[in-house]
Amino acid sequence: GEDVEQSLFLSVREGDSSVINCTYTDSSSTYLYWYKQEPGAGLQLLTYIFSNMDMKQDQRLTVLLNKKDKHLSLRIADTQTGDSAIYFCAESSHTDKLIFGTGTRLQVFP
Amino acid sequence: GAGVSQTPSNKVTEKGKYVELRCDPISGHTALYWYRQSLGQGPEFLIYFQGTGAADDSGLPNDRFFAVRPEGSVSTLKIQRTERGDSAVYLCASSLPGQGMNEQFFGPGTRLTVL
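Protein chains in written order, with the working numbering: chain H, 1 to 110; chain B, 1001 to 1115.
Ranges between beta-carbon positions, derived for each pair:
# : chain 1 : residue 1 : chain 2 : residue 2 : range
1 : H       : S11       : B       : Y1018     : 36 to 46 Å
2 : B       : R1081     : H       : D58       : 38 to 48 Å
3 : H       : M55       : B       : T1013     : 44 to 54 Å
4 : H       : F9        : B       : R1111     : 21 to 31 Å
Incomplete in silico selection of chain H near chain B, CB under 7 Å:
#  : residue
5  : L43
6  : Y48
7  : F100
8  : G101
9  : T102
10 : G103
Treat the hints as calculated values from the structure; they're not laboratory data. Heads up, the beta-carbon is just placed ideally off N, CA and C, and yes, glycines get one too.
Input sequences plus hints: build the corresponding full structure.
Put into structure tokens, the structure is as follows:
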């Protein structure tokens, strides 16, 4: 079945770049997503990429997709303490249901 | 505008009891999804409605779980004979499918604790 894997934890200094990585198994994925979850808040869609693209940039966020290796990454430039949260990679295919990874907890320290 | 709302926000019940969790989607959204998030895990798909009908219920773990959406708006997730392993945050999302990416908007979730 479909599977999405992420590393569990990332710690960065404020002002540095963060890179969160994800691998997935479903070769029929149509869209790949990055969601942010903060304590007490709902899941928030940060950005997404269509499977026929290899890069998407949105302000401080850069998404890279290597479809051959089924590898997705999210780069956050100039990371701030407000970026501390859990980041989930997710994929969907024609069925529209989202398959989520286990989440990466990003901790930003001063 | 109003987002997806879920009630109750917290539910504590005893093993073996029946519970109902409610989801109010964004007005006009035809698609509605239920997910379950266990501690330290990502959300796991349960069921997806398009209008009143369940388009995909492949994620329901067993026949103790059932969901309805009788008028194509509000949905209720029903869990019979609850077990301690059912403890999790139950998330609802809604969307308006069309051409291209189908963004799902998530509610705050219902935290279910089975004692």
